[in-house]
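Here the protein sequences line up with chains A and B, keeping their order.
Under the working numbering, the letters of the first sequence match residues 1 to 332, in that order.
Under the working numbering, the letters of the second sequence match residues 1 to 337, in that order.
Simulated from the structure, these hints should not be mistaken for laboratory data.
Keep in mind the model is a prediction, meaning the values are calculated, not measured.
Don't take every hint at face value.
Unchecked claim - Stretch-level coverage of chain A by chain B, calculated; a stretch enters the list once three of its residues show a Cβ under 8 angstroms from a Cβ in chain B:
hint: 1; region: 70-78
hint: 2; region: 89-99
hint: 3; region: 253-261
hint: 4; region: 299-306
hint: 5; region: 310-320
In this text, a Cβ means the ideal position worked out from N, Cα and C, and glycines have one as well.
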Amino acid sequence: MTREITLSKAVNEAIAEEMRRDPAIVLLGEDVAEAGTPFKVLSGLVEEFGTDRVIDTPISEPGFMGIAVGAAMTGLRPIVDLMFGDFLYLVMDQLCNQAAKTHYMSGGKLKVPLVLRTNMGATRRSAAQHSQSLQALVAHIPGLKVAMPSSAYEAKGLLKTAIRDDNPVVIFEDKLMYNDKAPVPEEEYLIPFGKAHIKREGRDVTLVATSSMVQVAEQAAETLALEGISAEIVDPRTIVPLDEETILRSVRKTSRAIVIDEGHQSYGVTAEIAARISEKAFYHLDAPVIRMGAMDVPVPFSPALEDITVPTAAGVVENARRICRGELVHAA
Amino acid sequence: MSAARSKKKHNTDDYLRMYRQMVRIRAFEDNANQLYLSAKMPGLTHMYSGQEAVAVGICEALTPEDKITSTHRGHGHCVAKGANFREMFCELLGKEEGYCRGKGGSMHIADQANGNLGANAIVGGSMGIATGSALSAKRLGTNHVTVCFFGDGATAQGLWYEVMNMAALWKLPVIYACENNGYSEYTKTDEIAAGSLTARAEAFGIESFRVDGQDVLAVNQLAQRLVERCRKGEGPFFIELETYRYHGHHVGDINRDYYRSRDEEAEWKKVRDPISNFGNWLIDQKIMTADELVAIDKEIVSDAEAAVKYALEAKYPDVREVDMHVYAETAAWGETQ
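Looking at chain A on its own, in the form it has when it is part of the complex:
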């Protein structure tokens, strides 16, 4: 049976199902218990699992991140709730110097099975410190896995996999998608890491898109279809590990690629994927690979400014049209 549920509900279900299955799982973070987080994603969990397992912490991100690392090394499987992705900067030492490296530095003896759930996404009028999409920051660090669900279906299946993974996993939920509904099976399912999903098949251009950018790509593909341009959409679902093979197979077929991600464009996820396509499918390409990330500016508050900083469907359509016509998007 499949029903439509919100992304928020999907996350809640994934956690509840896993906590019922495995008593070693604990949830900790700011306002995760009675408050159920500011986005109400975790509502009801403390009632079922109690305050021993759903643990409200002080506003001490490095502290509770560090505690989660130690707990993960010694038998618990913590899920850390980081209220805003922007707070990643606060936990960088514990996440990147400790969690990410412990397995390697110990020659494989110690494991850190933890999940850091956090969010991303601009256009919520939250300004520069509550709007960032910082997935590239953690994807850069060997030892971390990074998942980016594009709908309620992916959110549930990827989170369940993340919880069962024996490595530190960072999962980014787009906070603007918490109320978006999608069909989600009632039966248990998991989505494996490193397996991209072809969201839409096409032949003229490949749109590699992450998280909410999949929706942007879908809108663009609809418009392009009306103009006779057939776009294929590839959702990597996890950027570490990255299913390079599926992306390359698509590009070899379409000969054109646009990579869309809401992180800053420079040194970003789009740059990495575009580089791999250029390195490994160069002779199949009919046009330079186009990157579409967020503008390289702090996210501005004013709606008049904020909306132009992120990739849009209109922007994707324009770039796709031009490369399909053989025009150069960026002057050479």
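Given the coordinates of chain A, assemble chain B onto it according to the supplied hints.
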């Protein structure tokens, strides 16, 4: 040794083990220093010599299942918690048989079989890990205690205050053990620490203690008491241990007149050396003779030298190991347990 005299329950085996463990640490460090000076060791390392009574006094109060977290100056903790010379020297030299297959080195030795969750090259970096280990113990009902070793320099890290707050709120079985050796790297601790360290922990409602870190029996007695209280759910605790680092911040910090005098170093070695003071006490108490202690020292030095020789000849990891252990293999995502 007044604290020691007040308690006669220790048996000779305990005393001897503590003596041996302190001598083992000193012998390990003397050899590690020589490896550096003779350019046989990659990188550099931080000597624990002078602080032996801290690691031994505390670790002798723990079971192998109890956990510790260690620091960049961590060889003493590692030995005291039960590690072998051979795997330790192999790790220092980057060899395959090292505790971490040569991937960690001096600053990241972990020996989880003996409850050592690892040294840490970020000052204060393991304070969260230790506190999380105590959360596991409480949540899983294992009754294990975790000791978080750190230096006075680490008290300047904000992380400590965050995790102490949570440890106190959640009554976690963790002991924060600050080895105050008087120097925060190359700077006198007086210049970097305002007020009192014990008062900082007390501000969170954490019972705090100061002890002579050169007196292994005093350290051990306090540690035993606090470990037992932790097991009864009375933790967390804080201990400030007054001690001294014989070497510089690291083995290459040789010309250190600009931050401390040779007279000061000589005075600590002469008057407050934890090993010779404890040895003299054992002789005074007629538990051991001077000759017996010399024989123990010789045997340990010879063990250490044999382990060094072994490690120097041991093989490096195969280059194919370079990308092993970046990620742990997960048994089965897709199957319910």
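Hints, verified against the model:
1. 70-78: holds (count 8)
2. 89-99: With 4 residues close enough to chain B, the hint holds.
3. 253-261: violated (count 0)
4. 299-306: violated (count 0)
5. 310-320: violated (count 0)
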